[in-house]
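Visitor: One letter stands for each residue in the lines below.
Protein chains: 2
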Amino acid sequence: MSWTLTEDHLEDLARGAAVLGTGGGGDPYVGRLLVRQAIREHGPITILDPSEVGDHDLVVPTAQMGAPTVVHEKLPSGEEPVLALRTLEKHLGKRASATMPIECGGINSMIPLVVGARLGLPVVDADGMGRAFPELQMETFGVYGVPGSPMAIGGERGETTVIDTGSDNRRMEWLARGVTIRLGGVAHIAEYTMSGAEVKRTAVPRTLSLALTVGRTIREARENNLDPIAALSEALRETLYRNLRVLFRGKVSDVERRTEAGFARGRAQAVSFDGEHKLELLFQNENLLALVDGEVRCLVPDLICVLESESAEPITTETLRYGQRVVVIGISTPDLMRTPEALATFGPSAFGLSYGFTPVEELV
Amino acid sequence: MSWTLTEDHLEDLARGAAVLGTGGGGDPYVGRLLVRQAIREHGPITILDPSEVGDHDLVVPTAQMGAPTVVHEKLPSGEEPVLALRTLEKHLGKRASATMPIECGGINSMIPLVVGARLGLPVVDADGMGRAFPELQMETFGVYGVPGSPMAIGGERGETTVIDTGSDNRRMEWLARGVTIRLGGVAHIAEYTMSGAEVKRTAVPRTLSLALTVGRTIREARENNLDPIAALSEALRETLYRNLRVLFRGKVSDVERRTEAGFARGRAQAVSFDGEHKLELLFQNENLLALVDGEVRCLVPDLICVLESESAEPITTETLRYGQRVVVIGISTPDLMRTPEALATFGPSAFGLSYGFTPVEELV
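Protein sequence lines, in the order shown, are assigned to chains A and B.
Residue 238 in UniProt numbering sits at position 238 of the first sequence, and the numbers go up by one each step.
Residue 212 in UniProt numbering sits at position 212 of the second sequence, and the numbers go up by one each step.
Isolated chain A, as found in the complex (with noise of 0.2 Å):
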């Protein structure tokens, strides 16, 4: 069913999001913001339920790309992710019906609000990474077949950028990461052009309602004096995001975070309360892997999230700092993102790592 976004959703929306992000995806304060003045401006939004989008319609997914730590200082207005929806569109000499997040994570669960808002356009509640990834190929959209190509990219002085890498993600990616880089570290962009029938066949589904599920339910368990995680834990039950699981509980002792080559990445660490455990983060814009006293609890894809110990609020890679309590969670990723095809795009070793897959839930 079709349901109808307003302003009054935003702050779960974006909770929710940056518990997704899984540490990255941008930060969604800041998308957060771009939505609720699109929405002033032009009104509520039409979210749609991936199976009301018709086989013949035309998605044309939009987000932001780049370094969080750059993002986090420098704001976009709004106007360049549709522009790179329009410029795309022009390329194709074809009119979007819908647009669509790739990555339900962080900054970019936000863009194609805004994008939705300021069109008029109608929003599918899905996306292409069931959580934030730092690189464009690493979606189910690509894993099942939908190639990235063309896409466009808008830049805060109106320039655009058309890429055109054929079915080859990979190479996107690297031409992508490159203008992006030359744009100052982020940019706006249009890719993942695809039929009705293509986002039923190779989204994750209802991701949008699942951020919002996942922030307004932190919420009411504040609001309740219940135990958040006890409660997300329970919420997620009924989703495709089965497990969550408690990986470890302390205090930030460490983190080390570059921005290098259009990402930060870096490492953190933190110290269990009773001072006998050490939890290791690594992380390329998202968290990837958790190690607690050496051994592995939880890594890519499923999700690794940093909140703060007594709300729950989540914690982005480049606001990770020492002192900080938390407790640190993995939920399980459905089934989609862990066949070995899709593994093999967005798993361990397609970030370097020498651990093989996994389930959280069969390691704690």
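It should be emphasised that the hints constitute simulated quantities derived from the structure, not laboratory data.
As the structure is a prediction and not an experimental result, all values here were calculated from the model.
In this text, a Cβ means the ideal position worked out from N, Cα and C, and glycines have one as well.
Errors might be hidden in some of the hints.
[To be verified] To give an idea of the interface, some chain B residues facing chain A are shown, with a C-beta separation under 7 Å as derived from the structure:
| # | residue |
| --- | --- |
| 1 | L175 |
| 2 | V179 |
| 3 | R182 |
[Stated by the list, open to error] No farther apart than 27 Å at their CA atoms in a straight line, the calculated lysine-lysine pairs in the DSSO-like style are these:
| # | chain 1 | residue 1 | chain 2 | residue 2 |
| --- | --- | --- | --- | --- |
| 4 | A | K94 | B | K90 |
| 5 | B | K90 | A | K90 |
| 6 | A | K251 | A | K278 |
| 7 | A | K90 | B | K94 |
| 8 | B | K94 | A | K94 |
With chain A held as given, fit chain B onto it using these hints.
Guide: Coordinates of chain B only, in the frame set by chain A:
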């Protein structure tokens, strides 16, 4: 008058293009092989005098961009610039009636000939640099109001990129250089699409013919045991490049060269045969400045050409090395390239040099 370019012209053309490349522009030897192959497969090429191009004809210039140090090692197949032209045509929804060089030095005298032969398109005898320059905004086309955008880039794996920065040609260069670096340091492009009327108004005319004249003059002087420099000086007197001055004769004593940010940058020194005088050359792909004993003798946009001292064979910056016996000449550029707006775009200050432009014929 239009004329037909055949395989027999290529050796002279390549030599002349290397002289006009002023040390850069990419190795014309590689370009010569590509044109020879294209002529053998597709027949000779029609060269149009700019006066013969219809005012409403669509001219789409083609070129290679990249660091000459890379071009030297990473040979194109010849399909890449055709891909760039076809991509731009598709983007514009129009077909080119001719192609043209954007640069008359080095490999870029050759690339449009490859395109012309392969596609059966005439090539206009004109260009936008009147020599070689390292950056895409350094064009008389842009100086006199023709935008470089939209531009298309073709890669060796069939990747295409279309960049549109409106009237900001410097921004276009910045983004295109980013893509070129990601393509491995060399790319092929189509840009500065213009009408025949714009060719007549903004291009430096008859520079393919000029390259041929320069190359032929040097060869014939050698064959007749005449001084090639004197012969060249004589031949240029009747062209827009009226003045030739000998700046220095001596032996290369030092070369410092690095490939950075997509360019070959560096400096070279030479010592006169009597050991009394010292030449210093500064280059960014092309030679920019010649100092003799610390005094300016020639500076960009005037041509600074390093030739082998006996044969007058041109030496490009990437093949310059210790011990070479050289004669360094300066050649005056056409008036079109010395206006205040032209000097603002490719004069000394555009390269961060603190010297004001003085014509070589006044300096020596």
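Visitor: The structure should be examined with respect to each hint, and the outcome stated for every one.
Guide: Now the hints, each set against the structure:
Below 7 Å, beta-carbon pairs count as interface contacts, and L175(B) has one with chain A at about 5 Å; its hint therefore holds. A distance limit of 7 Å between C-beta atoms decides the matter here; for V179(B) the minimum to chain A is near 6 Å, and the interface restraint holds. The beta carbon of R182(B) is positioned within 7 Å of a beta carbon in chain A (closest approach about 4 Å), and the interface hint is therefore held. Between K94(A) and K90(B) the CA atoms are separated by roughly 15 Å; this keeps the pair inside 27 Å, and the hint holds.
For the hint linking K90(B) to K90(A), the alpha-carbon distance of about 12 Å falls within 27 Å, and the restraint holds. Simply put, K251(A) and K278(A) have alpha-carbon atoms about 10 Å apart, close enough for the 27 Å limit, and the pair holds. A hinted pair counts as satisfied when its Cα atoms are at most 27 Å apart, and K90(A) with K94(B) qualifies at roughly 15 Å. Distance check on the hinted pair: K94(B) and K94(A) sit about 18 Å apart at the alpha-carbon level, within 27 Å; holds.
Going down the numbered hints, you'll see the structure goes against none, and every one checks out.
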